[in-house]
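Number of protein chains: 2
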Amino acid sequence: MTKPLFVGLDVGGTSMKAGVVNDAGKVLSSANVLTEAQLGQEVGLEHMCEAIRQAVAAADLKMRDIAAIGVATPGTMDIPAGIILDPPNLKPWRNVPVRAHVHKVFKLPTAFQNDANAAAFGEFWAGAGRDVHSMVLFTLGTGVGGGIIIGDIVLEGEHSHGAELGHMKIEMTNPRQCGCGRWGCLEAYGSATSVVKRAVEALAKKGTRSSLRDQVGELTARAIFEAAAEGDSLAEKIVDETAYYLAVGATNMMHTIDPAMVVYTGGMIAAGESFLKRIRKYVKELAFPVPAKKTVICYAKLGSDAGFIGAAACARKLFLQKRR
Amino acid sequence: MTKPLFVGLDVGGTSMKAGVVNDAGKVLSSANVLTEAQLGQEVGLEHMCEAIRQAVAAADLKMRDIAAIGVATPGTMDIPAGIILDPPNLKPWRNVPVRAHVHKVFKLPTAFQNDANAAAFGEFWAGAGRDVHSMVLFTLGTGVGGGIIIGDIVLEGEHSHGAELGHMKIEMTNPRQCGCGRWGCLEAYGSATSVVKRAVEALAKKGTRSSLRDQVGELTARAIFEAAAEGDSLAEKIVDETAYYLAVGATNMMHTIDPAMVVYTGGMIAAGESFLKRIRKYVKELAFPVPAKKTVICYAKLGSDAGFIGAAACARKLFLQKRR
Chain Z
29 MTKPLFVGLD
39 VGGTSMKAGV
49 VNDAGKVLSS
59 ANVLTEAQLG
69 QEVGLEHMCE
79 AIRQAVAAAD
89 LKMRDIAAIG
99 VATPGTMDIP
109 AGIILDPPNL
119 KPWRNVPVRA
129 HVHKVFKLPT
139 AFQNDANAAA
149 FGEFWAGAGR
159 DVHSMVLFTL
169 GTGVGGGIII
179 GDIVLEGEHS
189 HGAELGHMKI
199 EMTNPRQCGC
209 GRWGCLEAYG
219 SATSVVKRAV
229 EALAKKGTRS
239 SLRDQVGELT
249 ARAIFEAAAE
259 GDSLAEKIVD
269 ETAYYLAVGA
279 TNMMHTIDPA
289 MVVYTGGMIA
299 AGESFLKRIR
309 KYVKELAFPV
319 PAKKTVICYA
329 KLGSDAGFIG
339 AAACARKLFL
349 QKRR
Chain D
29 MTKPLFVGLD
39 VGGTSMKAGV
49 VNDAGKVLSS
59 ANVLTEAQLG
69 QEVGLEHMCE
79 AIRQAVAAAD
89 LKMRDIAAIG
99 VATPGTMDIP
109 AGIILDPPNL
119 KPWRNVPVRA
129 HVHKVFKLPT
139 AFQNDANAAA
149 FGEFWAGAGR
159 DVHSMVLFTL
169 GTGVGGGIII
179 GDIVLEGEHS
189 HGAELGHMKI
199 EMTNPRQCGC
209 GRWGCLEAYG
219 SATSVVKRAV
229 EALAKKGTRS
239 SLRDQVGELT
249 ARAIFEAAAE
259 GDSLAEKIVD
269 ETAYYLAVGA
279 TNMMHTIDPA
289 MVVYTGGMIA
299 AGESFLKRIR
309 KYVKELAFPV
319 PAKKTVICYA
329 KLGSDAGFIG
339 AAACARKLFL
349 QKRR
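Heads up: the sequence lines are chains Z and D, in that order. Numbered by my numbering, the letters in the first sequence go through residues 29 to 352 in order. Numbered by my numbering, the letters in the second sequence go through residues 29 to 352 in order.
For the record, the hints were derived by calculation from the structure and aren't laboratory data. Please note that the accuracy of each hint is not assured.
To be verified - In silico DSSO-like links for lysine-lysine, alpha-carbon gap of 30 Å or less:
1. D/LYS309 to D/LYS329
2. D/LYS345 to Z/LYS345
3. Z/LYS54 to Z/LYS350
4. D/LYS322 to Z/LYS119
5. D/LYS309 to Z/LYS350
6. D/LYS312 to Z/LYS225
7. D/LYS119 to Z/LYS312
8. Z/LYS350 to D/LYS350
Bear in mind that the values here come from a model prediction, so they are computed numbers and not experimental data.
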């Protein structure tokens, strides 16, 4: 019997990416399609099916060569029901029965997962976490997301709110407001958005010297990390604080989940090895000695492919369960 | 075939409690033995075996009627190895091979678990969590401990540091020092010790009026909760803040583990239903709408028996695995 092949699809706010992945986690093809959420959810569902077809065609395969499909989307969602509920990044979609639709079109076992959970499962299966038993992934971008994998279990949570790692509260006295409206969330400290916001605040103070002063209004996290690398002391301070905040988040996971590995992904890991070293240094200060010594803290390996690879991993898990 | 019976043993700093538990989680007998850790670990191991024997005798049974044994102890520990490492509450014990010893003496399958994890598994099997699929337990006493159960998995963690819920960091700007030496841990805010400490600090301020003023030096968390119930405004404020801190801890678990149920146990739950209502009120303010609405927040049901019942549940799990 030939080994089974899977299609994973990762739906994002701007575009979606599908890929054919083999049983060993190797990517055979991929295809990008614009999401165009504003055109409505019916169009969105068509685009999803189109991305899946394109990925299969790009691998010189037919749909009958595929064993199962996995679809990952942003929340809010009901994972067991296979439905996107009211996603802030996919407006104006509401209550979209993604899994049922994809299943109906292709007549194949179809898995459904949160996008950050899928990225974590992808890294666990075929990336940074392939040799460990458990892993926590932090996605560092506009926001802070995450995924928790224990054994072959994706911690979805009882109400599809598992691993909302950006929304653990790490500050009570003087909390920053988070994009979610709450106060003191990790995301309000450790996201790229927060890096820029804190820099802008610091620059607004009279007498602050910084090479970033010219860029106010168009500042990016990347520019701040670059300025820090070039020795700008304000940027340096912002970057160092960011590493500390992320270390607090990592430590909180090490004292609750206690994974073998903490992995970072997303745009901010362009900051490179020196940023990772800072996070590790603060984790050593913050965590209990044993996890501080033994937990591997590293960057992800699959880049933006982790989502569809993880969606394919969900498809594979479903396929293996059904075959039992 | 008759249904299997199990012995659970919960070793504490002062005393240990063993009990025979049937396959449905019903307690058939129990026995208390002093731990006397100061007499050394060899004596400690003898006491453990003695407690097990007493529990079996108290149920009018012989050791041959028992299918498996579970032992729960405080940490630090290496759970997979079955060893207590360097326990602050069992000085001067070091590197005690608990599981191997008990197994050697009784020649029965023997499980080993952290005491708070065992308490969580006990409540999950036979107490507050018996009808749910996942549960987070907070133990509120001198410190804050915890256990996380997902399905039939006790989240031990990769380095036996899973569910150290008292040591998630919830404050950065103005952190209190924790008993563990670190800063800003939940335990430094939500433990009985912290309740007393905060009251003493408030009473030290000039001009503070409170019925607690006479009791400084011998204040207890219980007295503070009682004074709050009688309308003392200082005590009221301390109790309200404590509920808030515990709600932060619960919310952080709801946004990471997303369990069906958050359960509190330990001395502080003597504070009663009004305290629980305050925690629930703050959780509604702090958590995302869906988990805030759906997560059950309640007190434990098994009291101090949860530990040995949970240890018996670990024995049962081991027995069922071996029988497969």
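Verification of the hints:
no. : hint                 : result
1   : D/LYS309 to D/LYS329 : holds, 21 Å
2   : D/LYS345 to Z/LYS345 : holds, 25 Å
3   : Z/LYS54 to Z/LYS350  : holds, 22 Å
4   : D/LYS322 to Z/LYS119 : holds, 25 Å
5   : D/LYS309 to Z/LYS350 : violated, 43 Å
6   : D/LYS312 to Z/LYS225 : holds, 28 Å
7   : D/LYS119 to Z/LYS312 : holds, 26 Å
8   : Z/LYS350 to D/LYS350 : holds, 25 Å
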